[in-house]
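Novice: What follows is each chain in one-letter form.
There are 2 protein chains.
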Amino acid sequence: MKLTILGCYSATPRADTNPTSQVLEINNHIFLIDCGEGTQVELRRNKIKFARIKHIFISHLHGDHFFGLVGLVSTFRLLTRETELHIYGPKGLKEIITLQMKLSESWTNYPLIFHELTSKDSELIFEDDKVEVHTIPLIHRVYTNGFLFKEKPGDRKLDMNAVLNADIDVAYYRKLKQGANVENEHGEMINNADVTKAPIKTKSYAFCSDTAYNEAIVPIIKDVDLLYHESTFLEKHEKLAAPTKHSTAKQAASIAKQAGVGKLLLGHYSTRYDNLNDFKLEAETIFTPVELARDGKVFTI
Amino acid sequence: MKLTILGCYSATPRADTNPTSQVLEINNHIFLIDCGEGTQVELRRNKIKFARIKHIFISHLHGDHFFGLVGLVSTFRLLTRETELHIYGPKGLKEIITLQMKLSESWTNYPLIFHELTSKDSELIFEDDKVEVHTIPLIHRVYTNGFLFKEKPGDRKLDMNAVLNADIDVAYYRKLKQGANVENEHGEMINNADVTKAPIKTKSYAFCSDTAYNEAIVPIIKDVDLLYHESTFLEKHEKLAAPTKHSTAKQAASIAKQAGVGKLLLGHYSTRYDNLNDFKLEAETIFTPVELARDGKVFTI
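Chains as they are written, first to last, in the UniProt record's numbering: chain W, 1 to 301; chain G, 1 to 301.
It should be emphasised that the hints constitute simulated quantities derived from the structure, not laboratory data. From a predicted model like this one, the values you see are computed outputs, not experimental measurements. All the given hints hold, so there is nothing to weed out.
Once the Cα atoms are required to be at most 30 Å apart in a straight line, the calculated DSS-like pairs of lysine-lysine come out as: (1) W/K2 x W/K263; (2) W/K47 x G/K297; (3) G/K91 x W/K91; (4) G/K102 x W/K120; (5) W/K94 x G/K245; (6) W/K102 x G/K94; (7) W/K102 x G/K91; (8) G/K102 x W/K94; (9) W/K102 x G/K239; (10) W/K239 x G/K102; (11) W/K54 x G/K102; (12) G/K94 x W/K94; (13) G/K120 x W/K102.
Make the full structure from the sequences, and use the hints.
Specialist: Okay, here's the thing in structure tokens:
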């Protein structure tokens with residue numbers, strides 16, 4: 001799993017910072033997460049192939065998280081894309097995009113499929129044989145979801161010495177990999193755990209932006225390998241965080257600690273701060289390891 | 001009058017080129033003309049004060065001319081703007097912007113006034129005591145206007161020697177400046193032209209993007225000092241220009257010649273061309289002088 005930060009600042013684009021957008025490469029998928037203004041340019045700068053993006057996840061309808069979407073959808077059309085594009089985001093997003101296509105008389109020539117989200121509970125919104133994506137209901141000024149990206153457990157691994165010693169027919173290997181107990185050639189029931197090993201540990205990534213401090217997400221993001229949690233403010237501006245429904249670095253770290261995540265990644269910084277390292281230092285008083293998102297930075301999970 | 005090109009390429013933004021947007025400084029106004037994605041970043045790069053922009057003119061509802069507008073409107077809100085913002089553009093633009101404000105629950109705290117355009121004839125859409133803005137109906141795939149920016153003629157200049165010789169009372173000077181004939185102190189009618197000189201020549205700028213070759217605009221843009229006329233294609237791709245309702249460099253030059261403009265400025269280049277100088281060379285076979293718009297370039301009129 002590889003995460004590329006295209007933009008990680010709050011508010012609007014500036015000459016040297018970009019609003020929220022990330023690319024997650026997971027099991028041959030390229031998932032685009034949020035799409036602030038200028039995302040298509042950042043995709044090009046980071047040499048990410050447009051054609052490989054088939055799923056876009058939009059957390060909420062504040063401009064710094066979706067104003068770049070209509071431009072990207074439109075560019076796909078100009079590039080004569082034919083592949084389906086799936087967009088997951090709050091109800092209303094479809095109306096925004098289709099209104100603009102209608103008025104510019106520029107309908108896409110590829111299938112554009114909206115999956116509008118309205119649930120206040122975590123739900124499975126994407127699944128194939130190797131990956132699942134769940135929503136993470138967040139608390140913000142408008143309806144907002146984070147997203148949990150999980151690899152599915154693969155097959156159990158055969159312990160070949162044990163399998164051969166147990167005289168199990170080759171025809172049963174597939175069932176063993178799937179975790180079933182099977183009969184051996186002598187009609188004896190063989191316990192799966194005695195002849196197989198656990199599958200390779202799966203990886204997971206949770207994206208939580210924007211949100212007030214919200215312990216309700218802890219069970220959903222429990223034990224993820226990497227947690228991106230917004231930290232718009234430092235603790236000294238906690239009084240700004242509460243009414244705007246954002247979090248401080250310390251609050252993000254508290255969530256990371258309670259969820260026992262592998263690593264915390266901070267982002268969505270208010271542009272009022274010059275020294276991002278203060279976010280790291282503040283979070284590290286509660287939880288380690290902590291990393292700072294920065295535009296263009298790549299994290300391997 | 002000063003024209004700053006923020007972006008001058010057709011289609012969508014790339015890492016090194018911007019879609020259409022221009023800033024015209026005219027008699028203390030800062031007029032923003034078209035607003036492709038990323039315009040707010042280009043405004044910052046070109047150090048143009050956001051607060052001074054009070055009028056935005058949008059030619060048509062293709063994305064490369066307006067996808068940056070909603071972000072700019074939103075940024076003005078975050079900057080706690082209080083000044084009125086007037087937006088002139090095709091019918092539908094208000095619906096696009098207000099839908100997004102509604103869904104993000106982010107209404108502007110400053111007066112946002114839309115002037116939606118529907119006329120197929122040239123009309124006066126802005127006027128104060130020194131400046132006029134008229135639409136230039138263009139031929140494109142969707143409803144499109146160019147814009148003509150004209151300084152109003154100032155007062156006539158008094159020829160003080162002649163005025164004094166003619167024994168005209170000071171009380172009549174204002175009428176003289178306005179072009180009236182007046183009586184002198186001996187009751188004789190004095191011909192205005194004998195005691196005044198023509199006002200300082202006014203300047204004018206015409207912005208025409210996007211459009212098919214259209215001689216109907218010639219009378220509207222007659223004698224302008226600077227004509228920006230799109231040249232999406234070179235003559236060798238004229239077969240692409242016709243169906244997409246764009247122009248070639250040669251066609252732009254032909255319009256410039258017929259209108260007797262002071263200077264032709266080319267832009268809205270298709271990104272298929274590496275060497276922009278070919279546009280200049282092609283246009284110069286018909287008309288001179290020709291200049292090439294380039295992102296970040298400034299022209300004084």
